[in-house]
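Colleague: Letter by letter, the chains look like this.
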Amino acid sequence: MLLRHTPKEITERKALTVNPAKTCQPIGAMYASLGIHGCLPHSHGSQGCYAYHRSTLTRHYKEPVMAATSSFTEGASVFGGQANLLQALNNIFTIYEPDVVAVHTTCLSETIGDDIPQIFGKARADGKIPEGKFVLHANTPSYVGTHVTGFANMTKAMVDYFAKPAEHKENRINIIPGWVEPSDMKEIKRIAGELGVKFIMFPDTENVLNGPQTGKFAMYPKGGVTIDELVSAGSSRGTIALGRLTSGPAAHALDTKCKVPCEILDLPIGIKATDRFVDSLRKMGGVNVPDSINIERGQLVDIITDMQAYFYHKKVGLVGDPDQLEALTEFLVSIDMLPIHIVTGTKDKKFEKRIKSLTEGLPCKVNVKSGGDMMLFHQWIKNEPVDLLIGNTYVKYISRDEDIPFIRFGFPILDRIGHSYFPTVGYQGGMRFLEKILDALMDRQDRDSSEIEFELVM
Amino acid sequence: MEPMRKETTEYEEKTDNWKDIDPKKVKQEIMEKYPPKVARKRSKHFVINKKVDDENYTEIQANVRTIPGIISQRGCCYAGCKGVVMGPTRDIINLTHGPIGCGFYSWLTRRNQTDPSTTPDGHNFMTYCFSTDMEEREIIFGGEKKLKAAIQEAYDIFKPKMISVFATCPVGLIGDDIHSVTREMEKKLGITIFGFSCEGYKGVSQSAGHHVANNGLFQHVIGLDDTVKEGDYKVNLLGEYNIGGDAFLIEDLFERCGITLISTFSGNSSVDHFSNSHTADLNLIMCHRSINYVADMMEQKYGIPWLKINFLSAEATSRSLRKIAEYYGDQKLIDRVEEVIAEEMPAVEKAQAEIRPRLEGKLAMMFVGGSRAHHYQELFKEIGMITIAAGYEFAHRDDYEGRHVLPKIKVDADSRNIEELDVQKDPEKYNPRIDKKELEAEERHGVRLKDYEGMMPDMEEGDYVIDDISQYETEKLIETYKPAIFCAGIKEKYMIQKHGIPMKQLHSYDTGGPYAVYKGAVNFYYEMDRMINSKVWDHIKAPWEKSPELSAMYAYE
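Chains as they are written, first to last, in the numbering used here: chain A, 1 to 458; chain B, 1001 to 1557.
DSS-like cross-link-like pairs, simulated, lysine-lysine; straight-line CA separation at most 30 Å:
no., chain 1, residue 1, chain 2, residue 2
1, B, 1037, A, 122
2, B, 1025, A, 216
3, B, 1019, A, 216
Footprint (simulated), chain B over chain A, 3 or more residues, beta carbon under 8 Å:
no., stretch
4, 8 to 14
5, 53 to 59
6, 65 to 76
7, 93 to 99
8, 208 to 215
Label-pair ranges, simulated between beta-carbon atoms:
no., chain 1, residue 1, chain 2, residue 2, range
9, B, 1039, A, 166, 42 to 48 Å
10, A, 117, B, 1416, 31 to 37 Å
11, A, 190, B, 1174, 47 to 53 Å
12, A, 10, B, 1174, 28 to 34 Å
13, A, 365, B, 1419, 52 to 58 Å
14, A, 417, B, 1188, 46 to 52 Å
15, B, 1412, A, 166, 52 to 58 Å
16, B, 1118, A, 190, 52 to 58 Å
17, A, 417, B, 1061, 37 to 43 Å
18, A, 117, B, 1022, 44 to 50 Å
19, A, 190, B, 1543, 27 to 33 Å
20, B, 1538, A, 190, 29 to 35 Å
21, B, 1117, A, 292, 56 to 62 Å
22, B, 1029, A, 190, 40 to 46 Å
These are computed hints drawn from the structure, not numbers from a lab. For glycine and all other residues, C-beta sits at the position ideal for the given N, C-alpha and C.
Please build the complete structure, drawing on both the sequences and the hints.
Modeller: Below, the structure is given as structure tokens:
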């Protein structure tokens, strides 16, 4: 057994986290920064932070993840990191020549209390930020919130730094996609394009973290939202923010700063959430839903019809981030599955309430925990087994120990390739997700059935 | 089946040309890009290998701060302590005291394999991540209370025999005294509990963390169990982390030679073995950088001499086995080692003969770790490949130039922050394993003790030796030489592959390995053939990119 010491009996833990279902803010900020075109993310802290974040993002995306660091030593930790950041900005603009540097803080620089805007001011005054180049920052102390918060904070910083209020609003909307895969961002853009809606998406990691092999390395790949677009986000007629936690703060900031009204929706995972997204696009964009989208929707409904016999009342355990889990729970309930254990490491007051309301009326008890960890998740499973597990790569240890089929979904996925190329959002993404569920369940049925029961046609 | 062969590539047409490139010019061009202050500093880390006299090679600057804003391969002190040295030991609870990130990122991300069935209690906590998950409250009011409670909970639930605590950056800043907490809890719970002050900002790289970890192991674990085990030629293997199963192959080789392995620091390792390791008669060092401190301290306290060995490549393995046998000077061992070498070499030679023609003369570059960039060069040599550029991520001058420069190394403020333990002979347990004269002369039976000559003597003059290489320097080297393979870590992997150049991770071996000793060497030869001669490199250019003129011809016709 790989997790051989995990007891079935659950005891309350007040101080010890075992097998976290979250990580720290800065990595989320780094991922969001990569969704700005020509941007080099910069970690204001010790080298270890950026080394860990780059490693984890690289293992997940299997793509270059470029970023720089202030390389704090003990001296900087005592005297503050201003000198380090000034020197770093000078070196970065001279050597790596990005258009933008997106600085995020760490627990180290936050504990010291470095004032980034003040340091930026000094850097500008000293001529360390060349004309026509940009900097932005987000405060992302690792001891507050999680990676989800860090993503949200950096996304909001894009608004705070660049979006420009405008009296005249253009016939265009903003789409904030939330922490999803580059493939998902591409799919969201495709759907908006099918509807003929003009839009600005930020952040946008398509063509940054799912780039082609061309034999040529580009330090700053083709993708990403441009600074001009971020400026224009203030003159869009509305914003669709996907993901309450990851996109909500940026959308609200746009509303406050630039009077761009927003709608905050779930991530468009599954039929209902995608319906709401498409409907919002239609209304906000003032367009009709084209046949092409109706066909995709119909195909998704068609395969649910074909598959639902296999899904019906199968129990599922989910672990991941709140935005993903809320959408996914609704999706699973909508196909007659029973999500019964749901854990996120991110603390969020509304999460448990939302999950409870989504699972209301299911013929079973539903365990939900915000601010939980994977050990608790595992213990719940030991006490009430499930038919399917959905979560990031770390769940494979539980899956193997408990012999339960497992689908990788969320962050990080360190042992499979495909998530950055194939979406799970939208109707087509929904179809792919259902295919994965069905494959997992049927492979298990094939493996477990006796020779007598083994069937060709299923 | 057809062997996987690559059509002639642009690179192969150029293979003879690389010798025409002037390294000095390349260096100059790279340095020109840097701001003057940066160029001055980096040029001391970026040297062209040259023997200056009988003993010395060009001085290289190493183990100093990375310049802020320079994209480096390095990580932090915590990573070296918790991740590298303490991580691969299965039966200890490693509790990270800090915000969640540090614990999360070091959770199972190194490929240290372990076999819990070989220790009687079967404990294995390596699949777990334990953290105090510090939040704002603790940053403001202090985290000692939470740490104490976390240790108690870990004890109550898991009943481990040992717990260690790792300090992260904010812990040092807010002034939590992890050592007083661990002392108090040790007394309360009656098991070994101790802490590491391995805050990420300490030192200049992972290297500081190795030192901190060595100190902690030496002070709190080594020497706890005096049971003397049966067996001949009792050794400890130091600096072998069992990535991809390397240690398993070495264990097997020792067993066949009749060498008794007491403890490995730290791969497939157990704190039970660490506790008992002072009963060995010889320490063998693989990774000099990460673990030489323990070897030195064990020599001072217990009188155990150490030898530098290397089990990467067939040649180095044979040499190391013979060195160990010579050291003991026992004919039985000398003969047995020769028998084992004779058993192993035919398969190795067969593989070399098969692979060599496919890789002969191709260029390799490797920038990794504190020893691997040296050790792997010999593996490449065995298949005819040429290493023209190498360097370490976090090593010190002695790893490049040899230990004879140790007295000449200036200790700067960053190194002074890492405690040097004052080690004395143990009044009861000190037992010089060899003649006093031999110890003093640092030589026994013609075998040099405590000796490591470093990387530079094994490289040609004119080769690049680059410390703490930057992303920019990496790219320029690649563009200039188009090596057949580049070795580094995960952060560098895809940047290099996007250049169309295969990239082998030598920290984690990607998903491959083991590469140690004879069987591992054979694995490595085939792995290089697979990577370098893979068909994928031929797919990069689409047919219409290869000959765009065709459309014009149609128009003409």
